[in-house]
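Chains X and F are the protein sequences, given in the same order.
Per our numbering, the first sequence starts with residue 1, numbered consecutively.
Per our numbering, the second sequence starts with residue 69, numbered consecutively.
Fair warning: there could be bad hints in the mix.
What the hints assert, rightly or not - Just so you have them, the derived chain F footprint on chain X, three or more residues with Cβ under 8 Å: (1) 36-48; (2) 59-65.
What the hints assert, rightly or not - Per the computed footprint, the stretches of chain F lying under chain X, defined by three or more beta-carbons under 8 Å from a beta-carbon of chain X, are: (3) 402-410; (4) 454-465.
Treat the hints as calculated values from the structure; they're not laboratory data.
Note that the structure is a prediction, hence the values are computed from the model and not measured.
Ideal Cβ positions, reconstructed from N, Cα and C, are used throughout, including at glycine.
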Amino acid sequence: MTGTLAALGAGLAVIGAGIGIGNIGAKAMEAIARQPEAVGDIRSNMILMAALIEGAALIAILLSILLA
Amino acid sequence: MLSISALNFALAQEHAADHDHHATHEHHDDDHHGCACHDHHEETFEPAATAFHHIGDANAFHVFGNIYIPLPCILYAPEQGLSFFMSSKFGKMDAHGTAKKAVNRYVMVDGSVMRVANIKFPADEVTIECVNHKTVQVKGKEVDKYEVVYSGECYPLDKPSTLDGGVLGGGITSFYDFSVTKNVFTMLLTFLLLFLLFRAAVKGYETRRGQAPKGIQSFLEPIFVFIRDEVAVPFLGHKYEKYLPFLMSIFFFILGLNLVGQIPFFPGSGNVTGNLAVTMALALFTFFVTNLSGNRHYWEHTLWMPGVPALLKVLILTPVEIMGLFIKPLTLMLRLFANITGGHIVMVIFVGLIFIFGQSGANLGGGIVGTLMAVPLTMFMMALELLVALVQAFVFCILTASYIGAAIEEPHHH
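Given the sequences, and given the hints that come with them, work out the whole structure.
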């Protein structure tokens with residue numbers, strides 16, 4: 001039972017991260033379309049922000065694994 | 069490099085199961101008489117167990133079938149001191165990595181060394197009958213238990229000690245494993261490979277000073293310049309030169325390990341960056357470099373930030389900032405581990421489709437369908453993992469640079 005709950009928790013964390021990273025990707029694409037010359041800066045900042053969001057999701061997944 | 073290896077030695081076998089003397093002894097008493105080898109239960113294919121076995125660390129390098137490349141075993145048990153021998157001393161190993169001999173009370177089970185703590189077990193080279201594996205429930209969790217059968221008696225086996233304090237199911241047991249395992253071997257190999265590559269590039273700069281780069285130089289220079297101009301300079305400003313060697317080492321070491329781990333056969337296939345101990349060592353480097361180079365401005369804004377009511381600082385902001393100091397390296401550690409482990413598990417499971425559809429060889433038609441599905445899926449996944457290998461090395465590097473950059477930032481005077 002706790003295993004199922006942990007899996008649900010991990011899934012919820014991934015939904016959150018997915019929405020966040022999806023937003024970053026969408027806005028970065030818009031920004032690149034608007035200013036193609038800034039593609040280098042936008043790309044590295046996009047990866048940085050995605051990595052930070054991923055961090056929050058990873059902590060949630062780790063907690064759900066440890067508490068399972 | 070050496071510290072990473074040392075930490076890996078100490079924390080090897082992160083996924084070691086819980087060590088519980090009580091439960092094992094209870095079982096030992098139950099069937100004390102007539103201990104025998106369990107019949108091998110029907111060979112069913114378990115994708116998850118197979119995946120974890122394949123991405124785990126091992127004390128011998130599995131090539132294929134029952135062909136193994138021996139690796140040095142350096143084992144220490146407080147009761148009997150240091151043992152040093154090659155893993156080939158355990159004798160012939162089967163395809164699962166279980167050997168037929170016990171050496172100094174050490175037994176090779178599923179590719180990793182375990183130890184018999186019972187002093188009644190002979191402390192020299194003996195041929196064992198078999199190793200029994202069962203899953204028992206301890207405090208509501210399923211825990212793997214192994215026992216070796218020797219002359220009609222069962223002896224419980226201990227896994228190597230880990231430093232996780234029981235959080236990940238390990239703990240201090242009756243012995244410590246400092247062996248050159250598959251992961252340590254892969255790290256040494258990558259270290260050597262990077263050394264030779266960069267040595268060749270440096271030689272190019274020395275002999276052709278002021279001329280256009282040639283050969284390996286022209287391969288490494290764009291990557292090096294990219295990290296310098298896109299990562300180091302924007303985040304670290306004019307002090308970037310001091311931290312450039314650290315950032316480059318982190319980037320190329322992780323990239324090298326990720327790519328060597330992608331090679332599906334012998335010199336590669338070690339899943340090093342998918343080992344929590346390795347990523348923890350790398351994250352600890354970032355933690356210490358960041359906090360030891362933090363200036364007054366950084367600590368002021370972490371511990372006692374100006375312009376905020378004292379009550380708010382004591383109750384919320386300072387505790388949160390202090391937690392943040394540790395969460396930053398924690399997420400670095402988990403991100404690399406989770407991405408690489410996830411990719412490797414998916415690949416093993418895609419290859420496992422052959423055995424799932426083929427019912428472990430019982431159904432040839434299913435096996436063919438499974439193969440037709442597995443080959444393109446695995447190739448797609450491996451292509452994706454090449455990208456992940458690069459992106460994760462880059463992310464680790466850019467986050468390290470941003471943490472250091474925040475720690476050494478000069479205050480702006482308005």
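Outcome of the hint check:
Only residues whose beta carbon comes within less than 8 Å of a beta carbon in chain F count, and the segment 36-48 of chain X has 4; three or more means the coverage holds. Judged by the Cβ-Cβ criterion of 8 Å, the segment 59-65 of chain X is covered by chain F as claimed, because 3 of its residues qualify and three suffice. Counting residues of the segment 402-410 of chain F whose C-beta lies closer than 8 Å to any C-beta of chain X gives 3; at least three are required, and the coverage claim holds. For the segment 454-465 of chain F, the proposed coverage by chain X is satisfied: 3 residues have a C-beta within less than 8 Å of a C-beta in that chain, meeting the threshold of three.
When each numbered hint is compared with the structure, no violation occurs for any of them.
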